[in-house]
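Colleague: Sequence:
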Amino acid sequence: MPSRTSRSIEMRPAEAGDMAFMQQLYACTRNTEVRMGGCDLATETLLQGVQFRAQQSWFESQYPNADLAVIMDRERPVGRLFVDYGPGELRILDICLLPEYRNRGIGLGLLRSLQAQGERLRLPVRLNVALGSPALRLLQRCGFEILAVDGVYNLMEWMPPAGIDLD
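My numbering applies: residue 1 is where the sequence shown begins, and numbers increase by one.
Check each hint, because a few of them may be wrong.
[As the list claims (entries may be wrong)] Label-pair ranges, simulated between beta-carbon atoms:
# : residue 1 : residue 2 : range
1 : 105       : 132       : 19 to 27 angstroms
2 : 20        : 62        : 21 to 29 angstroms
3 : 143       : 85        : 15 to 23 angstroms
4 : 64        : 41        : 33 to 41 angstroms
These are computed hints drawn from the structure, not numbers from a lab.
All figures in this text were calculated on a predicted structure; none of them were measured in a lab.
No residue lacks a Cβ here, since even glycine has one placed at the ideal position from N, Cα and C.
Modelling step: build the complete structure from the supplied sequences, incorporating the hints.
Modeller: Written out as structure tokens, the structure reads:
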């Protein structure tokens, strides 16, 4: 299921051997507010591993049929995309890129592709984004609106244009 989002960016289904990369990706994307102040590096690494596995287990239990893909730049893994195609929504569970791959249009390309899928399926595209996340501006530029705030996350939604009849 490779698909292109820009010239050298492709996606492939995640495999068991990708979990070490995904754990490293998780750790490098934790902002300083989420880091464990006062812990030594070994303890922080251990705790982030526990957090990653807990997040992964939660996604898998809540969304057992979700697609997990590794975002690749040529042969190098640079991120992940986790999406659930549910009966009433297309739910983005996680879009995550290595810091050096951000602000290159990759996230925008992925969002536009997911919106096109939502339009074809006539489903809203939804996701949770952390309060204060820099991704909020990109999501709003792409037409996502905040539906609710729970103290930690904004629940955001993009709706396909009304009146499109694909039959």
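Colleague: Look at each hint and say if it fits the structure.
Modeller: Here is what the structure says about each hint:
1. Checking the proposed 19 to 27 angstroms range against residue 105 and residue 132 shows it holds: the Cβ atoms sit about 22 angstroms from each other.
2. With their beta carbons about 23 angstroms apart, residue 20 and residue 62 fall inside the hinted range of 21 to 29 angstroms.
3. Between residue 143 and residue 85 the C-beta distance comes to about 20 angstroms, which sits within the given range of 15 to 23 angstroms.
4. Between residue 64 and residue 41 the CB atoms are about 35 angstroms apart, so this pair conforms to the stated range of 33 to 41 angstroms.
Violated hints: none; the structure is consistent with every hint.
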